[in-house]
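Per the working numbering, the very first residue in the sequence shown carries number 1; after that it's consecutive.
In case anyone wonders, no lab produced these hints; they're calculated from the structure. Please note that a few of the clues may not be correct.
[Stated by the list, open to error] Below, in silico cross-link-like pairs of lysine-lysine (PhoX-like), each with a Cα-Cα straight-line distance of 25 Å or less:
{"no.": "1", "residue 1": "K14", "residue 2": "K65"}
{"no.": "2", "residue 1": "K14", "residue 2": "K48"}
{"no.": "3", "residue 1": "K10", "residue 2": "K48"}
{"no.": "4", "residue 1": "K14", "residue 2": "K41"}
{"no.": "5", "residue 1": "K41", "residue 2": "K65"}
{"no.": "6", "residue 1": "K65", "residue 2": "K48"}
Model, not experiment: these values are computed from the prediction.
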Amino acid sequence: MQNSLIQFVKNRRKQLGLTQVTLADRAGVGLRFIRDLEQGKQTLRLDKVNQVLALFGHVLAPIQKSEEPDHGA
């Protein structure tokens with residue numbers, strides 16, 4: 001999950017032509033937070049993660065973990 005979040009944020013930021021500084025400014029978070037997020041820091045504030053994701057029209061939310069792997073059923 002963590003790697004997909006990191007890749008999503010990096011990819012969307014680059015697709016939109018934003019620097020880390022610009023993303024931080026637009027999301028209302030610090031540059032250090034963006035760097036920590038993109039480097040996979042283990043402890044991040046969920047509210048700040050959602051501030052960043054909101055710029056891309058997304059939100060971090062729980063999803064049900066299946067007991068068995070989904071084999072396309």
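These are the hints, each one checked on the structure:
1. Restraint check for K14 and K65: the C-alpha separation of about 30 Å exceeds 25 Å, so the hint is violated.
2. Under the criterion of a C-alpha separation no larger than 25 Å, the hint pairing K14 with K48 is consistent with the structure, at around 19 Å.
3. Distance restraint check for K10 and K48: the Cα-Cα separation of roughly 16 Å lies within the 25 Å cut-off, and the hinted pair is therefore satisfied.
4. A threshold of 25 Å between alpha carbons decides the hint, and for K14 with K41 the separation of about 20 Å falls inside it, so the pair holds.
5. Straight-line distance between C-alpha atoms of K41 and K65 comes to about 22 Å, which keeps the hinted pair within the 25 Å bound.
6. At most 25 Å may separate the alpha-carbon atoms for a hinted pair to count; K65 and K48 meet this at roughly 24 Å.
In terms of the numbered hints stated before, the structure departs from hint 1 and from no other.
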